[in-house]
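Peer 1: In case you want the letters, here they are:
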Amino acid sequence: MADHRKAGELTRRTALGVLGTAAGLAAAPGFIRYAQSQSSAPIKIGFQCHRTGIGAAYGRWYERVTNATVKLINNAGGINGRPVEIVTEDDGTDPKRGSEVIEKFANQHKVDLIYGTLFSHVVVGSAPIVGELKIPYYVVSEGYHVASGKLNRYCIQPGITDVKAQVRSVAPWIAQNLGKKVTLIFPDYAFGHDHRDFFEPAIRSQGGEVVAKVAIPPTETSFTRYFPQIPRDTDVIYHVMVGPAVLTFVKELGEFFGSSGPRLFGFIDSLESVALDSPGLEFLEGSHFWEGMPRYAQPDQPDYVTFYREAVGLDENGASTQDSKDVSAAAHMFGCWETLYVIKAAMEASGYQGPQDRAKLIEATEAMTDMEAGREHPQGKKLFNGKIHQVFGEQYISQVKDRKLEVVHRTSIEDGLYEPEGDYTAMPF
Amino acid sequence: MAFGPYLLLAGLEGLVTAAVLALMALGLSLVFGVMRVVNVAHGEFYMLGAVLAWWFASLVSGHPALGFLLALIASPMVVAAIAFAADRLVLRRLNYEPEATIVATIGLLYIIQQLALTFFGPEARPVQPPFDMRLSLPWFGYSAYKLAVIAASACLILATWIMLTRTRAGLLMRATQSDRETAQAFGIPVDRVYAGVFALGAGLAALAAVLIVPIQQAHYLMGQDPLLLSFIVVIIGGLGSLRGTVVAALLIGLSDGIISMFFSPTLAKMLATLLVALVLVFRPQGLFGTAAR
Amino acid sequence: MTSTAKAVSLHLCIIVVLFALNFLLPEYHRGILSRVMVLSVFAMGYNLAFGYAGLLSLGHAMFFAAGLYGAGLTIYHLGWSAWPALAAGLGAGAILALVAGFLALRTRGVAFMIVTLMFAQAFYLATLYFTTYTRGEEGLVLPQSARNLSFPGANLDPTVPATRYMLALALLTVILFLLLFLVRSSFGRALVAVRENEERMRMLGYDVFANKLAALVVSGVICAAAGAAYAILFGYAGAGFASIQYSILPLLWVLLGGAATTLGPIVGTLFMFYAVDVTSSYTNAYMLVVGIALILLVLYFPKGIAGAVRARWLPWLP
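Residue numbers (the numbering used here), protein chains in the order written: chain A, 30 to 458; chain B, -12 to 280; chain C, 760 to 1077.
Okay, chain A solo, but in the shape it has when bound (with noise of 0.2 Å):
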């Protein structure tokens, strides 16, 4: 942002004054001046929420995840002696309103750095003019965009794994817990797409195969006309449906199936924030999802894990402890607590002081490598990979028994690990 500051700047406030309109909205919210020392100035995060749209029942878990680890960190003392403050926007789970909201934390609310995102399209809709802004944009959304090299160095996801490590990571333990011939059902969209380019040959080198794919439209509101093409050997069903519909896709298939039919396999995207005693969802009895991090509370599980869902505001089935049927994300929202932590850990390491420091907080997380398990990263230790920008973690296999989840294996961090495709620290700033 430096460099595109013009040397008339004084000029400028002052015109400021004439143009009463401008003057009005110069006055507008964010321009909050500190009138104490720089060094306790807090430091400014920007957080892309989606507090509408399509994504708004994660957003809401985002929010809150976000304001409990805040708490905490600056209850701590901060980071590098300074508070933290988080400037929450709106972008309405749309990529267009998403990028203007990143100018607006760049330029209006003069953040250090802007994270929180989780919807792809969202993600790579801001990626430009993050590039362009050269703010660090900490993305906390599974999306494979990052790690594919196709953004820019900006662009840094070290909170949570992404899609086709999670994928990559199951394919062993359904090969030879489920079956070896699976059928994917996927939504017809780039997201879907990615499960199904990145499982295929995943299953193949676990010595099983792809037996049909079955690609649902965007927005289909009822499923029943696409489960004829199962074919009748399917051992497995491997199913991503997301969206509000996915209650009635699991209705359908218990409706089509009665009680015979392939086992199943699906990802907790699809249930995330959606109780799994809900009317309609008893097919699911006996099945397998993937989790990014348990829902329910486990038997053995740690005490930071303990300490995590106490501060996050968790019951034991994962809803809110003010409103049992507020079910959470659980899955994912773990990404905000450790992606704050990984930001702490970066200023700390870099001594970051300020918005000229930028360059070097994205370096400094770059060069991290191991992260244990605790209390800065409940959900299990974890492998960066500075040159993609992305993070690799273990991942959680569960099984639905008595309408709740249960554990039933964690993948290691070798299961996922894939070839890196791109290289952003061989790109400039």
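Please keep in mind that the hints were generated in silico from the structure rather than gathered at the bench. Just so you know, these numbers come straight off a predicted model, no measurement behind them. Treat the hints with care, as some may be off.
Stated by the list, open to error - Below, simulated SDA-like cross-link-like pairs (lysine to any residue); rule was C-alpha separation at most 25 Å, straight line:
{"id": "1", "chain 1": "A", "residue 1": "K373", "chain 2": "A", "residue 2": "I102"}
{"id": "2", "chain 1": "A", "residue 1": "K163", "chain 2": "C", "residue 2": "L915"}
{"id": "3", "chain 1": "A", "residue 1": "K242", "chain 2": "B", "residue 2": "G128"}
{"id": "4", "chain 1": "A", "residue 1": "K389", "chain 2": "A", "residue 2": "M456"}
{"id": "5", "chain 1": "A", "residue 1": "K389", "chain 2": "A", "residue 2": "D452"}
{"id": "6", "chain 1": "C", "residue 1": "K1062", "chain 2": "B", "residue 2": "T152"}
{"id": "7", "chain 1": "A", "residue 1": "K354", "chain 2": "A", "residue 2": "K433"}
{"id": "8", "chain 1": "A", "residue 1": "K242", "chain 2": "B", "residue 2": "F249"}
{"id": "9", "chain 1": "A", "residue 1": "K389", "chain 2": "C", "residue 2": "S904"}
{"id": "10", "chain 1": "A", "residue 1": "K100", "chain 2": "C", "residue 2": "T1042"}
{"id": "11", "chain 1": "A", "residue 1": "K242", "chain 2": "B", "residue 2": "A(-11)"}
{"id": "12", "chain 1": "A", "residue 1": "K100", "chain 2": "C", "residue 2": "S1040"}
{"id": "13", "chain 1": "A", "residue 1": "K242", "chain 2": "A", "residue 2": "R182"}
{"id": "14", "chain 1": "A", "residue 1": "K73", "chain 2": "A", "residue 2": "R111"}
{"id": "15", "chain 1": "A", "residue 1": "K163", "chain 2": "C", "residue 2": "L780"}
{"id": "16", "chain 1": "A", "residue 1": "K354", "chain 2": "B", "residue 2": "D119"}
{"id": "17", "chain 1": "C", "residue 1": "K1062", "chain 2": "B", "residue 2": "R75"}
{"id": "18", "chain 1": "A", "residue 1": "K163", "chain 2": "C", "residue 2": "L783"}
{"id": "19", "chain 1": "A", "residue 1": "K179", "chain 2": "C", "residue 2": "P920"}
{"id": "20", "chain 1": "A", "residue 1": "K373", "chain 2": "A", "residue 2": "S69"}
{"id": "21", "chain 1": "A", "residue 1": "K163", "chain 2": "C", "residue 2": "K1062"}
{"id": "22", "chain 1": "A", "residue 1": "K389", "chain 2": "A", "residue 2": "P457"}
{"id": "23", "chain 1": "A", "residue 1": "K139", "chain 2": "C", "residue 2": "Q903"}
{"id": "24", "chain 1": "C", "residue 1": "K1062", "chain 2": "C", "residue 2": "H770"}
{"id": "25", "chain 1": "A", "residue 1": "K73", "chain 2": "C", "residue 2": "H770"}
{"id": "26", "chain 1": "C", "residue 1": "K1062", "chain 2": "B", "residue 2": "R23"}
{"id": "27", "chain 1": "A", "residue 1": "K73", "chain 2": "A", "residue 2": "K433"}
{"id": "28", "chain 1": "A", "residue 1": "K179", "chain 2": "C", "residue 2": "S904"}
Please arrange chains B and C on chain A, whose structure you already have, making use of the hints.
Peer 2: What follows is chains B and C alone, placed relative to chain A:
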């Protein structure tokens, strides 16, 4: 699965879609036909019907059929009342001028969606069907409730037809639709007819939503796609023709399912969309409509 | 001053003010204005078809998206530089408008509305069907280096905010004056006459179909120009821009600002941007506020803002 059963399944699914679509499109057709206005917020009335159905059902514990029955009666009435108010407060003041109405109904859309988001929440919530029965056919299982939806919708459409053709209220509506000026000359209170039609249209959409909500879920964005489909049905069927609306709903509901048996689903949707457009290009008055508007 | 002179000087003044604002506005608002200018060009294209020719289309998103993807795909997959990509976007818009117009203009009124809506939906589904090339709703990030526009003597980099603003302003100026000239020409007057009374124009011997088709094609090319410019200036192309939302937005902007006025689209786009932006700073429920604002506006300013200005104070406003 063999072709025969597959076709049967696609057919049944198509009938369910058509049943709900017909009700919703009927509401839109009345509003469009009588008032000649494009109500962009029609989908939001549908969504409100579903959301209120969830709320009413949650008030009643015990057998889900009781909650559902309450929702079936109360939800369309509340939505109709809201639509009535919107007509009186906003649309009438605009004198039903077409472009202004579009902007006003877009504003209404924003308002209703935001209120739903604030008070209902962003997540999808299920409603229990009044009965949970699964029909076990030799090739696949099927929900008995879905068959009930088809039957219910047929009855409701019949009831609407009787209302339109045999009652005085229906006569007033048809007269106003034919020729507004002459109707006024005959002393028909056109403004009140308009308000009534707007309310009835919204009520029908809400009714469709209450029927569908045990199959799908209530979600604050659920009104957007059905709106599109309803418009298509109304235009293809021909403005002001109840028979046309029903036939078009059947055609579109069935074809969508059956075409997607043969092509990749997105491609099928694309072809179906183009087909609809081409039907209109070469027959702009729709299948049963009268002179081009 | 004749009304033409008044109109031209008003438009020139506005361009000069916009030029000056590049140096006076704070960074954030300058960024907003860059986007508003490109999207107003989209609205202006729509205004030609809807406001002047009376063609209520609900499918203009496909023209914007044709420009967006025409430029975006050629840059991303074929490695073209910005100028040829821009031309590709314009060409895509022109061809699409010609084909769609040829078919759709056989219908009128409500049927026309649905046919254009359906064509646009089919286009949107196509962008998803070809996810392998377009990455569907996730979209494509265009490399910064490919977005440079080379002029004799200088290379303009749209990733620099001041340059981006100027490029957007240049586009706006060209299209604004093109439209000003068009609507005051005999072609423009013929369009308005067709809108008011098609039968009469036919009886007078005008080829109504050719006029409407020309209007739609010019409209489509202008919207494609906005789309291609958006891809080059902002570096992102995604399927969301082809969705129905982007067919309703220009309608909204034009109606708010004033249909059949040259400046109305700019006013409407600017208003909606700030309505959303300002209210979202104060409340989460900004959609509610915007919805109420729309209803109030349409109750008290049914002709739109510029339309009301023209009706009450400045009858010479084009």
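Peer 1: With reference to the structure, classify each hint as holding or not holding.
Peer 2: Hint by hint, here is what the structure shows:
1. A:K373 <-> A:I102: holds (9 Å)
2. A:K163 <-> C:L915: Cα-Cα ~19 Å, so holds.
3. A:K242 <-> B:G128: Roughly 22 Å between the alpha carbons, so the hint for K242 (chain A) and G128 (chain B) holds.
4. A:K389 <-> A:M456: Holds. K389 (chain A) to M456 (chain A) sits at ~14 Å (cutoff 25 Å).
5. A:K389 <-> A:D452: With Cα atoms ~17 Å apart, K389 (chain A) and D452 (chain A) stay inside 25 Å; holds.
6. C:K1062 <-> B:T152: With a Cα-Cα distance of about 39 Å, the restraint between K1062 (chain C) and T152 (chain B) is violated, given a limit of 25 Å.
7. A:K354 <-> A:K433: Roughly 14 Å separates the two Cα atoms, so the pair holds.
8. A:K242 <-> B:F249: holds (14 Å)
9. A:K389 <-> C:S904: holds (24 Å)
10. A:K100 <-> C:T1042: holds (23 Å)
11. A:K242 <-> B:A(-11): holds (18 Å)
12. A:K100 <-> C:S1040: Distance of about 22 Å is within 25 Å: holds.
13. A:K242 <-> A:R182: violated (35 Å)
14. A:K73 <-> A:R111: holds (10 Å)
15. A:K163 <-> C:L780: Holds, at about 24 Å.
16. A:K354 <-> B:D119: It holds: about 23 Å lies between the C-alpha atoms, which stays within 25 Å.
17. C:K1062 <-> B:R75: Holds, at about 21 Å.
18. A:K163 <-> C:L783: OK: K163 (chain A) and L783 (chain C) at ~23 Å, within 25 Å.
19. A:K179 <-> C:P920: holds (22 Å)
20. A:K373 <-> A:S69: At roughly 15 Å apart (the allowed maximum being 25 Å), S69 (chain A) and K373 (chain A) satisfy the hint.
21. A:K163 <-> C:K1062: Between K163 (chain A) and K1062 (chain C) the Cα gap is close to 43 Å, so the pair fails against 25 Å, i.e. violated.
22. A:K389 <-> A:P457: holds (13 Å)
23. A:K139 <-> C:Q903: The given pair, whose Cα atoms are some 23 Å apart, holds under the 25 Å limit.
24. C:K1062 <-> C:H770: holds (20 Å)
25. A:K73 <-> C:H770: The hint is violated at about 42 Å.
26. C:K1062 <-> B:R23: holds (19 Å)
27. A:K73 <-> A:K433: Measuring from Cα to Cα gives roughly 39 Å; hence the hint is violated.
28. A:K179 <-> C:S904: Distance of about 14 Å is within 25 Å: holds.
Violated hints, in rising order: 6, 13, 21, 25 and 27; the structure is consistent with all others.
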